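J.: Protein chains in written order, with the numbering used here: chain A, 26 to 286; chain B, 4 to 275.
It is possible that part of the hints are untrue.
Straight-line distance between alpha carbons at most 30 Å, and here's what the computed DSS-like set of lysine-lysine pairs gives [to be verified]:
(1) A:175 / A:274
(2) B:79 / A:280
(3) A:183 / B:164
(4) A:198 / B:267
(5) A:198 / B:79
(6) A:183 / B:80
(7) B:119 / A:183
(8) B:136 / A:198
Covered stretches of chain A (chain B as the covering partner; in silico rule of three or more C-beta atoms under 8 Å from a C-beta of chain B) [as the list claims (entries may be wrong)]:
(9) 108-121
(10) 199-209
Worth flagging that the hints you see were computed from the coordinates, not collected in a lab. Because the structure is a prediction, the values reported are computed rather than measured. All residues carry an ideal CB built from backbone N, CA and C; glycine is no exception.
As a plain string of letters, each chain reads:
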Amino acid sequence: MSLPHEITAWQNLSRKWSAIILFLLAWEILPRVGAISASFLPPTSQVFTFLVRSLLSGELERHIFISLSRSLAGFALALSIALPLGFLLGWFRTFERYVDPLIQVFRQTSAFALFPLFILVLGIGEVSKIAIIFYGAQWPILLNTISGVKNVDPLLVKSARSMGLSRFALFRKIVLPAALPTIFTGLRLAATFSILIIVSAEMMGASAGLGYVLSNSQYNFDILRMYSAIISLALIGLGTNYLLVTLEKRLTGWKPEIATF
Amino acid sequence: MSLIRATGVRKVYRGKKRPGDAALRETVALEDVNLEIREGEILALVGPSGCGKSTFLDIVAGLADHDGGEIFLGDKKITGPGLDRGVVFQGYALFPWLTILDNVAFGLEAQGIETKERHRIAKRFIELVGLTKFEDRYPHELSGGMKQRVAIARALAFEPKILLMDEPFGALDAQTRERLQFELLRIKQETNKTILFVTHSIDEAVLLADRIAIMTSRPGTIKAIVNVRLPRERKLADDLVRSSGDFLEAREQVWDSLRHEVDKAAELEYSI
Numbered sequence: 026m027s028l029p030h031e032i033t034a035w036q037n038l039s040r041k042w043s044a045i046i047l048f049l050l051a052w053e054i055l056p057r058v059g060a061i062s063a064s065f066l067p068p069t070s071q072v073f074t075f076l077v078r079s080l081l082s083g084e085l086e087r088h089i090f091i092s093l094s095r096s097l098a099g100f101a102l103a104l105s106i107a108l109p110l111g112f113l114l115g116w117f118r119t120f121e122r123y124v125d126p127l128i129q130v131f132r133q134t135s136a137f138a139l140f141p142l143f144i145l146v147l148g149i150g151e152v153s154k155i156a157i158i159f160y161g162a163q164w165p166i167l168l169n170t171i172s173g174v175k176n177v178d179p180l181l182v183k184s185a186r187s188m189g190l191s192r193f194a195l196f197r198k199i200v201l202p203a204a205l206p207t208i209f210t211g212l213r214l215a216a217t218f219s220i221l222i223i224v225s226a227e228m229m230g231a232s233a234g235l236g237y238v239l240s241n242s243q244y245n246f247d248i249l250r251m252y253s254a255i256i257s258l259a260l261i262g263l264g265t266n267y268l269l270v271t272l273e274k275r276l277t278g279w280k281p282e283i284a285t286f
Numbered sequence: 004m005s006l007i008r009a010t011g012v013r014k015v016y017r018g019k020k021r022p023g024d025a026a027l028r029e030t031v032a033l034e035d036v037n038l039e040i041r042e043g044e045i046l047a048l049v050g051p052s053g054c055g056k057s058t059f060l061d062i063v064a065g066l067a068d069h070d071g072g073e074i075f076l077g078d079k080k081i082t083g084p085g086l087d088r089g090v091v092f093q094g095y096a097l098f099p100w101l102t103i104l105d106n107v108a109f110g111l112e113a114q115g116i117e118t119k120e121r122h123r124i125a126k127r128f129i130e131l132v133g134l135t136k137f138e139d140r141y142p143h144e145l146s147g148g149m150k151q152r153v154a155i156a157r158a159l160a161f162e163p164k165i166l167l168m169d170e171p172f173g174a175l176d177a178q179t180r181e182r183l184q185f186e187l188l189r190i191k192q193e194t195n196k197t198i199l200f201v202t203h204s205i206d207e208a209v210l211l212a213d214r215i216a217i218m219t220s221r222p223g224t225i226k227a228i229v230n231v232r233l234p235r236e237r238k239l240a241d242d243l244v245r246s247s248g249d250f251l252e253a254r255e256q257v258w259d260s261l262r263h264e265v266d267k268a269a270e271l272e273y274s275i
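Okay, chain A solo, but in the shape it has when bound (with noise of 0.2 Å):
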């Protein structure tokens, strides 16, 4: 016997999956029937079908894996740089005061309103990709980390002051754990930004990568290919996602919920 609000497992099944079963559905119906035209809609088994095949010759997989490796080097410049700036930033608050307009004024710009800058300078190869990437997957890292530290609870660091620890301790084992969920919402957001500028770079000029394959696929018409590209992106951002969703749970697992958007 269950109880009346219990949700039982196949409730929970459903209520993940009923909607996204309908749109394939819907999406796979209505070309057949001629209500989309199948030119520009081909139905969901055909695009799966493609994606399966396009997988196993292993000519996805290159492009994914081009994408992926710009993506990740950009992130990881990022982190590398943001993450350790934001601190010094948050701790040190006059110097925050001092650079924060010129902040305000970069964030403001438009990573694709630096491309053709970037590309000017940097060329057109790899080093003006991740250099974009780096630009827009800062922001959030940079800005989280800032107010994560800057909004720490003065009552806990007045406490572990009561305690005798040291400034540098007190960085360590108070500010960095309770900054650390508004760092990872900033990690989380880099992470979507990444992939979604990655596309767009290799959309404006790339002879590789799952931007090229849209684009190119657009060019020739051959839309089972980009709708592959469309859905291993879908999919690729999922992913990562659902990465640092576990990632954040373990590590700040303390917190009553964690927003899993």
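With chain A fixed as given, assemble chain B onto it according to the hints.
T.: Just chain B now, with coordinates in the frame of chain A:
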């Protein structure tokens, strides 16, 4: 024997200079505070709001500096915070990312005691406050009263010479507050710790303290000291101690001295 000895303590807050001000705005928070806390006693510090009683506690804790006078802990002059004093705040100040066990062990870690020993000591103090079942929980899973017990256990665990409590029960509901007051008396009985207890409740002060120091409104200074002639054993044993003659007499005495200051503090507030 006195454990804490404060002589001529003065504290000035300097505000920001605004356009039109000739000099920095200065507010004298404490003026010539002389106070002695004896070894093994509970001394309650009462006064109207804004009189600087919490500031005085912060200075004793080494969390705030002072602009004049001296404070000694034993024969050591107080210049900064240290583990010879344990502080309990009104807002609990538990570290939300640590379990109850690790919260209580926090000060021991700062002392450089190794993990196993740290946990053994922490468990002993968690038992003292009656929360053994909750040692693996996180603070957000506990009620306010339980959190404050944890905070008390944490402050006791590193064996400070004195416990400094800054309106520790101020955020609790009436029933929980009363239970924790008796709990504190019992803990005091078991540990014989010296306690400085800041409160604005006269009833709380009379119930807990052996002596009550009354502060004037700003600038705060010690106006009078009232001896409470109620032995701790009687407070613990007698449920109706609050309506006993001795209790009411002490309450009356404190109120007589405080009434004028409360009025003055209210006037100060309106004059701003």
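J.: Each hint: holds or not?
T.: Evaluation of the provided hints:
{"no.": "1", "hint": "A:175 / A:274", "in the structure": "holds (23 Å)"}
{"no.": "2", "hint": "B:79 / A:280", "in the structure": "violated (41 Å)"}
{"no.": "3", "hint": "A:183 / B:164", "in the structure": "holds (19 Å)"}
{"no.": "4", "hint": "A:198 / B:267", "in the structure": "violated (44 Å)"}
{"no.": "5", "hint": "A:198 / B:79", "in the structure": "holds (28 Å)"}
{"no.": "6", "hint": "A:183 / B:80", "in the structure": "holds (21 Å)"}
{"no.": "7", "hint": "B:119 / A:183", "in the structure": "holds (27 Å)"}
{"no.": "8", "hint": "B:136 / A:198", "in the structure": "holds (26 Å)"}
{"no.": "9", "hint": "108-121", "in the structure": "violated (count 0)"}
{"no.": "10", "hint": "199-209", "in the structure": "holds (count 4)"}
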